[in-house]
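> The residues making up each chain are set out below.
Number of protein chains: 2
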Amino acid sequence: TVNHARRPRVGHIAFLNCMPIYWGLARTGALLEFDLRRGAPDELSRLLVEGGLDIGPITLVEYLRHRDDLLLIPDPAVAADGPVLSVNLVSKTPLADLPAEPRVSLASFSRTGVLLGRMLLEERYGRRPAYQVTPPDPETALAGADAAVLIGDEALRVHHDPRGRHVLDLAAAWKDWTGLPMVFAVWAVRRDYAEAHPGLVKDVHLAFRESVRLSREEIGAVVASAARWEPFAPAALAEYFDRLQFGLSERHLAGLREFASRAVRYTEVKDLSPEGPEFFDSEV
Amino acid sequence: TVNHARRPRVGHIAFLNCMPIYWGLARTGALLEFDLRRGAPDELSRLLVEGGLDIGPITLVEYLRHRDDLLLIPDPAVAADGPVLSVNLVSKTPLADLPAEPRVSLASFSRTGVLLGRMLLEERYGRRPAYQVTPPDPETALAGADAAVLIGDEALRVHHDPRGRHVLDLAAAWKDWTGLPMVFAVWAVRRDYAEAHPGLVKDVHLAFRESVRLSREEIGAVVASAARWEPFAPAALAEYFDRLQFGLSERHLAGLREFASRAVRYTEVKDLSPEGPEFFDSEV
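Here the protein sequences come in this chain order: A and B.
Heads up, the first sequence is in this note's numbering, so the first residue is 1 and it goes up one at a time.
Heads up, the second sequence is in this note's numbering, so the first residue is 1001 and it goes up one at a time.
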């Protein structure tokens, strides 16, 4: 009787914002039951869609494009109900002084954060920007532009040290506009894998939930470890981890649906039905 | 005061025999302080030599070839003082009946295990084999050959289920011949990295030592987890983990020197001086 099981192939984003998701996995032994694949967000999104991962993070826009092949897992997620600190529109002038047709650099590979910036500029602030794609450092991004959408460590750095530039937190702006949280990334399982291995998917889901719970409980240690390696002060890291939300409540799902209904105007996604999105059923 | 530290890039072999090395890293939170790169042994050996890893496993033969650029770390290692179960010469006839010039398949990428097989066949058993490289499954390897050097899961499977084939454990044969343990892989740090970051190297060394200690203490749980995913019964896994040795004693170093002194006849390695190999000094 030979055992033909294989560990689920699970994606992990090795970026600062996902450290609280990883924390508990490396403290409880859960990683021993995963075949963990680390990568950048866009790489992991692609792998999940193509079947190179069974379970993993996917940027919200890519989830919306490929949701026929995927089921959402309620934990973890990357979201914010108000300021997120690391998804910013950075400009040389105050927002109100941006020209009607500003030149805007999209200085990130994050499809969701970039689309959020476009939505806000075009629909909320009534601009008709001309976009260009640039590297993620603020100097290059702003060199020939009026404003830049910055995401991740570079954006967080500008938040803490704006050097005269104006910083609009796009998750805060989204909440001002819609009253709802912004969901940047979700974790999903391939539908075929979930049908074949519901017990393993449940194990992974519960391991992630426990990991996030433990990282909240041990947040001082998470911050101390992050401060050892990341270019931010402990207080800045503590604030950042406090802003980030790692699960999906009903309010987050309302935010996700609101984003999806607006995204159809920009990219090839289908609107979510009122009951959507479709979840993996962890009660099996 | 921006923090410019970066996590040490540490290699991990995601194979069954290295599971006890990984066990504690995933239970103590040590992984949070590493930038862990998983891969196959030959890939990780190459990365360490080329500078794509700071610390990692390297097959003994490659360590001997590149030791001018490397310092050994005493924990972990992969060794055996007698049978290792998973490094085998498999033949259709008893060893004594092998022809003087047998056809022998080398069915592994493991340079050290393959060289051990060659040494024993040529020097211990007085054969003059004609070698061919084949895929690692025993049927293909033995199809047009008198014997095959098999390493890893396939070798362990043949050990437990020989199906009429004869199995010589090459680590046991090495001990019969030399009286010494066989060291298959060592962990090393790049000399330039050790000079620049001795404190980080010490942290990694101690994390590995604690990981192996914890896996011995919790060996029942290690076996239960392995049995969930690997095609071997718990008793077979317990025996295998008991045979494997994960550190370097004086006897292991004598075995390593003995192997090095014989390897010079086969491949481009330099003999180790009587004082060698050169270690990273963890007393810093």
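Some hints could be false.
FRET-style restraints, in silico, Cβ to Cβ [what the hints assert, rightly or not]:
| no. | chain 1 | residue 1 | chain 2 | residue 2 | range |
| --- | --- | --- | --- | --- | --- |
| 1 | A | Ala233 | B | Ala1254 | 46 to 54 angstroms |
| 2 | A | Ala196 | B | Thr1267 | 39 to 47 angstroms |
| 3 | B | Glu1210 | A | Asp161 | 33 to 41 angstroms |
| 4 | A | Ala196 | B | Val1133 | 50 to 58 angstroms |
Here are some chain A residues pointing at chain B (derived, C-beta under 10 angstroms) [to be verified]:
| no. | residue |
| --- | --- |
| 5 | Gly126 |
| 6 | Trp177 |
| 7 | Leu180 |
These are computed hints drawn from the structure, not numbers from a lab.
Even for Gly, the Cβ is constructed at its ideal location relative to N, Cα and C.
> Work down the list of hints and note, for each, if the structure agrees.
To see whether the hints hold, each was checked on the structure:
no., hint, in the structure
1, A:Ala233 to B:Ala1254: 46 to 54 angstroms, "holds, 51 angstroms"
2, A:Ala196 to B:Thr1267: 39 to 47 angstroms, "holds, 46 angstroms"
3, B:Glu1210 to A:Asp161: 33 to 41 angstroms, "holds, 38 angstroms"
4, A:Ala196 to B:Val1133: 50 to 58 angstroms, "violated, 36 angstroms"
5, Gly126, "violated, 38 angstroms"
6, Trp177, "violated, 34 angstroms"
7, Leu180, "violated, 33 angstroms"
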